[in-house]
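Let the hints inform the model, and build the full structure from the sequences given.
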Amino acid sequence: DGYRNTNQVSDDYRYQDGNYDAPNDGYYRGGDEPAQEEDAQSDVTEGHDEDDEVYEGEYQGIPHPDDIKEKQKKRAPAVDDEYRDRADLMAERMEDEEQLAHQYENIIEECGHGRFQWTLFFVLGLALMADGVEVFVVGFVLPSAEKDMCLSSSNKGMLGLIVYLGMMVGAVLLGGLADKLGRKQCLIISLAINAAFAFLSSFVQGYGFFLFCRLISGLGIGGTLPIVFAYFSEFLSREKRGEHLSWLCMFWMIGGIYASAMAWSIIPHYGWGFSMGTKYHFHSWRVFVLVCALPCIASLVALKFMPESPRFLLEIGKHDEAWMILKQVHDTNMRAKGEPERVFTVSYIKTPKQVDEFIEIQSSTGTWYQRWLVRITTTLKQVWDNVLYCLTAQYRMNTLMLAVVWFTMALSYYGLIVWFPDMIRYFQDEAYESRVKIFDEEEVSHFTFNFTLENQIHRNGEYRNDKFIGMKFKEVRFEDSLFEDCYFEDVRSSETFFENCTIISTVFYNTDLYEHKFINCRLINSTFMKEKEGCHIDFEEDNDFLIYLVSFLGSLSVLPGNIISALLMDKIGRIKMIGGSMLISAVCCFFLFFGNSESAMIGWQCLFCGASIAAWNALDVITVELYPTDKRATAFGILNGLCKFAAILGNSIFSSFVGITKVVPILLASSALVGGGLLALRLPETRDQVLM
Numbered sequence: 001d002g003y004r005n006t007n008q009v010s011d012d013y014r015y016q017d018g019n020y021d022a023p024n025d026g027y028y029r030g031g032d033e034p035a036q037e038e039d040a041q042s043d044v045t046e047g048h049d050e051d052d053e054v055y056e057g058e059y060q061g062i063p064h065p066d067d068i069k070e071k072q073k074k075r076a077p078a079v080d081d082e083y084r085d086r087a088d089l090m091a092e093r094m095e096d097e098e099q100l101a102h103q104y105e106n107i108i109e110e111c112g113h114g115r116f117q118w119t120l121f122f123v124l125g126l127a128l129m130a131d132g133v134e135v136f137v138v139g140f141v142l143p144s145a146e147k148d149m150c151l152s153s154s155n156k157g158m159l160g161l162i163v164y165l166g167m168m169v170g171a172v173l174l175g176g177l178a179d180k181l182g183r184k185q186c187l188i189i190s191l192a193i194n195a196a197f198a199f200l201s202s203f204v205q206g207y208g209f210f211l212f213c214r215l216i217s218g219l220g221i222g223g224t225l226p227i228v229f230a231y232f233s234e235f236l237s238r239e240k241r242g243e244h245l246s247w248l249c250m251f252w253m254i255g256g257i258y259a260s261a262m263a264w265s266i267i268p269h270y271g272w273g274f275s276m277g278t279k280y281h282f283h284s285w286r287v288f289v290l291v292c293a294l295p296c297i298a299s300l301v302a303l304k305f306m307p308e309s310p311r312f313l314l315e316i317g318k319h320d321e322a323w324m325i326l327k328q329v330h331d332t333n334m335r336a337k338g339e340p341e342r343v344f345t346v347s348y349i350k351t352p353k354q355v356d357e358f359i360e361i362q363s364s365t366g367t368w369y370q371r372w373l374v375r376i377t378t379t380l381k382q383v384w385d386n387v388l389y390c391l392t393a394q395y396r397m398n399t400l401m402l403a404v405v406w407f408t409m410a411l412s413y414y415g416l417i418v419w420f421p422d423m424i425r426y427f428q429d430e431a432y433e434s435r436v437k438i439f440d441e442e443e444v445s446h447f448t449f450n451f452t453l454e455n456q457i458h459r460n461g462e463y464r465n466d467k468f469i470g471m472k473f474k475e476v477r478f479e480d481s482l483f484e485d486c487y488f489e490d491v492r493s494s495e496t497f498f499e500n501c502t503i504i505s506t507v508f509y510n511t512d513l514y515e516h517k518f519i520n521c522r523l524i525n526s527t528f529m530k531e532k533e534g535c536h537i538d539f540e541e542d543n544d545f546l547i548y549l550v551s552f553l554g555s556l557s558v559l560p561g562n563i564i565s566a567l568l569m570d571k572i573g574r575i576k577m578i579g580g581s582m583l584i585s586a587v588c589c590f591f592l593f594f595g596n597s598e599s600a601m602i603g604w605q606c607l608f609c610g611a612s613i614a615a616w617n618a619l620d621v622i623t624v625e626l627y628p629t630d631k632r633a634t635a636f637g638i639l640n641g642l643c644k645f646a647a648i649l650g651n652s653i654f655s656s657f658v659g660i661t662k663v664v665p666i667l668l669a670s671s672a673l674v675g676g677g678l679l680a681l682r683l684p685e686t687r688d689q690v691l692m
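Going left to right, the sequence shown walks through residues 1 to 692 as UniProt numbering numbers them.
To be clear, the hints were calculated from the coordinates, so they are not data collected in a lab.
Just to be clear, a hint being listed does not mean it is correct.
No more than 25 Å apart at the CA atoms, straight line, and that leaves these computed lysine-lysine pairs for BS3-like [as the list claims (entries may be wrong)]:
1) Lys156 to Lys474
2) Lys571 to Lys240
3) Lys327 to Lys437
4) Lys147 to Lys472
5) Lys337 to Lys350
6) Lys532 to Lys474
Have a look at the derived ranges for each label pair, beta carbon to beta carbon [what the hints assert, rightly or not]:
7) Gly206 to Arg435: 16 to 22 Å
8) Glu484 to Phe591: 54 to 60 Å
9) Ile438 to Asn596: 22 to 28 Å
10) Arg682 to Trp372: 44 to 50 Å
11) Leu380 to Val404: 56 to 62 Å
Keep in mind that this is a model prediction, so the values were computed, not measured.
The beta carbon of each residue, even a glycine, is placed where N, CA and C say it ideally should be.
See below:
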């Protein structure tokens, strides 16, 4: 039996993947066994040793050329990465990432979808809810905050835009850092910044400091959106990704509803709070700001108990940590399903080739601040490289098309969201002015006014020896009138002016009738004593309930759209969802021409918000899926930052046409939606691909 057929030998030693599989037939094939005594060895030894050297006495046939190359490759000394071309290293890394993508998809499917994903869903949902709350906070507090901080119209406009500016910067910066420092760590930083400065902004009194706090608060919350979607997507399998990312979007709607409900229930109670002297006031709107920080704080605390994304850990070469987290996901889900005996079968996960080099200064060669400076500089350079990578040939076209779609969607949506309440308020003002009462040539003498005068115009009147005590003027104008020997005490006014009036021997005591309210008037022997302290601006006494109602209904109206998009996202695909939703929203814009009343505008706003939410959800999903793991949050951050820039433009442009024309806002919004929707149809469909 020592001399077997050569064909049988060739068959037994099959070449597989660069290695020889020896048959299990009892013959010694070489290996790591200890050497035997010479007299105990077989006369004819068959097999191979570790170096694939042929033993005497065995006919091996003609070696295959691939076998020769493989042997030479094994014997060749390994070349250090530092001597290899970067292009070769990147090519090897890309090959590793492709293998990892498919293996990771199989691992996530083995882990299943269960308790772990649902827990993470609610934790990240609170973070997304905080983002939704942040958008509404400033708009809700402005009517009340202007009373405490003496805000002019320009100051109010700046306060509304500064939040979007902070969110724009935060999305790009923190999104980029999430691809280098980790999803969990950067999300904690983002939420901590938002919570700290939102809390601080509720206590500061000055406009400048309040503006700064809201800017930094917006910067912090701006990073949540790109990080949350990148983080959650890396725990989802291909079949679950589109649907569950769409369900996650519902928390933004919940944030809007929460903010509206809290504003409605807290801000009108202007007496809630306390005062410290005459300079420090803590009123109900500040309580509302504190309450709005609660979702952010809750998410921040819960996030401490969640693990880092294992997909991110594998990208940076931390195999063991990633394996432990995936095992935790598997075991958590299996225990919840009542199958604790099921074993996590994965023993090894492919790790991509590490290319980046992090420069470090040792403690012996540099001070602590030099080391930190180098770390920060190196990290920011890596973030910038990621930004540029999104514009390389491989991703340039997708990035540019997505940028246009994000921009057109945000320009239309945020522009109209501001335009709707402004138009409703304009209709209210028109109706209010139509009810104005006009008094001509009235003569009043020796009369005491101690009640409110509202929405009146008094022309060519004469008032002699009259007293105005403890009363309010609201939307009152005196034109070409005479006041002689009158007395004003403890008077408050809103949108009240005296034009071309003659005021003789009249005393003003403890009033807010300041100099700028007397237009082309003659003041003869008149005295102003102890003017009311505070803002030299007119205010409305009543809180603006309309803005709460419109925002509440607008947020609630997206619920059907959220449900439909979640159920159909994986069935009809991301591209059709974006294109269809944007085109339907454009059609809704044209119906705004028929909105000539408050109720009609509220109805069309609800319809527009409900139709457009599906496009937002699909945009979030496709942005996550089009980019690899080490660029995903960066790309999302860039596009979301562009979205906030479009929001700033939309707010500025659309609000400037209120009361002038409806044609420009409607045509601008609808044309942007049509252009963006048609371009979206050219994007690649991603519902069947694994996360790279």
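Taking the hints in turn, this is what the structure says about them:
no., hint, result
1, Lys156 to Lys474, "holds (21 Å)"
2, Lys571 to Lys240, "holds (11 Å)"
3, Lys327 to Lys437, "violated (76 Å)"
4, Lys147 to Lys472, "holds (16 Å)"
5, Lys337 to Lys350, "violated (28 Å)"
6, Lys532 to Lys474, "holds (17 Å)"
7, Gly206 to Arg435: 16 to 22 Å, "violated (39 Å)"
8, Glu484 to Phe591: 54 to 60 Å, "holds (57 Å)"
9, Ile438 to Asn596: 22 to 28 Å, "holds (26 Å)"
10, Arg682 to Trp372: 44 to 50 Å, "holds (45 Å)"
11, Leu380 to Val404: 56 to 62 Å, "violated (28 Å)"
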